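Q: Take a look at the letters that make up each chain.
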Amino acid sequence: MAELRLTNVEKAYDNFMAVRDFNLTVKDGEFVTLLGPSGCGKTTTLRMVAGFTHPTRGTIHLNDRVISSASQRIFLPPEQRDMGMVFQTYAVWPHMTVAQNVAYPLKFKRIGRTEAKERLDKALSLVKLSGLEERYPHQLSGGQQQRVALARALVMEPEVLLLDEPLSNLDAKLRESMRFEIIELQRRLNITILYVTHDQAEAMSMSDRVVVMNAGDIQQIGTPKEVYQHPVNRFVADFIGMANFIPCKVVEKSGDTVRVLLDDGYDNHYLICPVSADFAVGERATVVVRPEHVEITPFQGQGGTSATVLRQTYLGDRVDVLVKLGTVEIRIQTHSTYPYEIGQDVNLVFDQPILLKMEPAAAPEAPLSKAEVNG
Amino acid sequence: MKIALPRSAAVNRTEDIFQRVTLGLGAVIFAILVLIIVYPSITLIRTSLTVDGRFSLQNFIDLIRDASTFQVLYNSLKVSFFGTIGATTIGVSIAWLLARTDVPFKRFWQNMLIVPYLIPPFIGAIAWVYLLGPVGFVNKAWMALTGSTQPLYVIYGQVGVILVLILYNFPIAYMVTLGPLRQMNPSLEEAARVSGANTLKTLRDIVIPLMLPSIGGSALLIFMSMMANFGIPAVIGFPGRFFVMTTQIYRTVLNYDRPNNLALAAALSMFLVILALAVMQAQRWLQKGKNYAIISGKSNQPQLVMLGKWKIVAVIFLGAIVLGAVIGPLLAILLTALQKAIGLPLTPANITLDNFTLLLTGVPKVRRAIVNSILLAGGSATVIVLVSLIISYLLVRIRVKFGQVLEGLVLLPYAIPGTVVALAMILAFLRPLPIINVSIYNTIWILLVAYIARFMTFGVRSINAAFEQVHVSLEEAARVSGAGFLSAFKDIVIPLIKTNVFAGWFLAFIPALTELTLSVLLNSVGNETLGVVVFGLHQEGKVLLTAALAFIVTMIVLLMNFLTNRLTRGQIGF
Ligand SMILES: Nc1ncnc2c1ncn2[C@@H]1O[C@H](COP(=O)(O)OP(=O)(O)O)[C@@H](O)[C@H]1O
Ligand SMILES: [Mg+2]
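Protein chains in written order, with the working numbering: chain A, 13 to 387; chain B, 78 to 651.
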């Protein structure tokens, strides 16, 4: 049973806010990922949970125990938090063998020899390193070093596992297979995981829930499906997957849908969007359409919206087409292999449109970073 | 000398001529190095193996029969061993405190802790005599306070030697380990923390083992520096009749009454030479094994260890070191130099600048020594830089075969103890040089030769680094831009290596200015150096004059270092 709760957590460096008003509960056995661009405060948040960084405000609970609290001046050092952690640079100790690395955390627990050996063997077999006990890190590949780091984090069977971009130093193929191995491990051990990445595909494929962050603020918390299908703002829509943004105006409301008029220079393209927020008739808004949700067909004259092909790029499994619709450009990804020509007229059908409130134009964002720290 | 093929096949005429000239000069320089390094080395070895003009092991047999040989060898090993442990522990602890903890006043400590490295060790030793000699300030204060008639502690003897050796050698360990400690990937430590290790266990299990190559390297350097030190055991050891290898060799050389004294000294030197070569080899071996990838690519802001209540302990520790190595000694020298007479209480009425006036006007030896030392240091530094330019070009750019031999040759006179170098010079140049039939023995020239040989490595190292920085592609880029070989050299290479050339000059000049170990054996009447005069005045018991001159010398060294640092915008000097 391990539940991690962050309440109003904030970290300020001098006058720079690295993390602002962070609220999150990671439930027992849940896999939660902090996702956002470099410098948005993911590592800072994770390190506050691990106990390397003192929050300047707020409280962190592990189950019902306060492990960090700025106001109560409670701050449990990392070695007393019983969490496992995997670092971006692996941090495998070069002067110790695989076995010594992995068994190191056992030194600090009252554990008999035989049990220690059992735990070591178990951790090594979990990450498929059995047989490499006596190797030194420089005799291992990057992927194997990564597994050593993972085994070392798991050997104490911690209730909470923290991972900071653990796959970012691996090559693409290995990265993908490690994703599945980590998910598999989590299922088997039923461990609570807080994971950090800037790679949205990684976050989407692994997590139960995703926390999308930008410039120190949480933008949205939700399942991968929720943040993809119902992004709450332009940043999330743009960061999770690809998105076309088309300005529009609400012209009609009926129940939980609204009809909008696209602001594309034609003044006669209408779209029905499901909404959860409250929109007023006449309100300006933005329609988000994912490139993979635009149906494209050669121009037939009937239905849909017509546009002109500007460019098309062959991507192997799909084709990326850029079209011009009046005053806006729209990107489309289709699996059809129809050979469009540049300048050809096409028909578009927008599927699953998402309506977003207008955002104050170019809200000044917090400066991203002074010097980027630790990726 | 043969050359490896230049990288580019398109060697044009100017470049070709330039390389030929360099190689020609290289040959001349090689001949000079043979004369001032190889020839004295061979002479030293030969002398140790010669009795009455014939090959013999008798010198060694005599030494082995003499119990005092083992006593001084044992003394040397003992003070160096304990001194190394002390200095390494202190130096590494300081480096760790400054690099990885939140100890306050870092800038102040950093500036202060470099000073003991700059103060000539024999001056540090003299200052400690003023503090803990039989009538030193500390002992007098003790007697005044307690009414005791016995001094608290008299520094003369082996413990004193170890103490002062530690105070003037710990900066080596501090400087060698500071960089690696700063660059160590902090995740390595953090991984230990989440594994359950607290700060101390992380230090014990992760930081110290990972730092072992650097710590070991600095310990070797310190050990050899202590074995080779002459000034400290001379100042602190002589009065207590405590002798080590270097001081014993010195006494043997000066013991004209003893038959065969130079040959015996040469034989005694062999112990030190073998040890020095072994240490050199050990260091090379350590460098090779040093392939831990503990340094992360990114610039990290390592998490600093919060000292909490230990902060006070750390500050007291650093404060004690600064007091013992810098403030105490400098103050002792200054207060002694300002006294009207030894032993007077320190009241304003007893304070005077007369010692300085007398020193500079009344003692001709001092003025001569100032001029001699400046000429010798300036002359040797200039020769060193010019020669180093050519040697470095041959080593780094042309990559001559036997480059390693050349490098080893240049390092040799610095790697072996100065006392031994001086003895080798005496033996080599005692008689007139063959062919030209000129003798440089008992002239200032033997000092110049010895300084050049001894400090050459500073010039070569800093100019090597310069040529290595200036990658050939920079020159090549100039060439494809249309510059000829000489223009490329003038516009690209020279501006880029300027700072290092300058650095090489100062790195040789500063230690040469206060040199004692070589000079004390090689000087002659009229050719005294600053180091020799300070040492001589001290031996003669002219306390006030010694203190005044020691103070002037120390200030000059600190000032020169400061100027170098400013002129090179912080790249060189401290
Ligand atoms: N020790 C520090 N001092 C000052 N600023 C810091 C420090 N650590 C991190 N930051 C800043 O906080 C912001 C968030 O950093 P970080 O959490 O490492 O981002 P991420 O992991 O999301 O890339 C960055 O702008 C970074 O520059
Ligand atoms: Mg990060």
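One thing to keep in mind: the hints can contain errors.
To be verified - As a list, the in silico BS3-like pairs of lysine-lysine whose alpha-carbon atoms are at most 30 Å apart:
hint, chain 1, residue 1, chain 2, residue 2
1, A, 134, A, 121
2, A, 119, B, 278
3, A, 119, A, 129
4, A, 119, B, 217
5, A, 185, A, 261
6, A, 121, B, 365
7, B, 278, A, 129
8, B, 386, A, 121
9, A, 119, B, 478
10, B, 365, B, 278
11, B, 278, A, 134
Quick caveat, the hints were computed from the structure, so don't treat them as lab data.
Source: prediction; values computed, not measured.
Q: Check each numbered hint from earlier against the structure, then list the numbers of those it violates in ascending order.
A: 4, 5, 6 and 9
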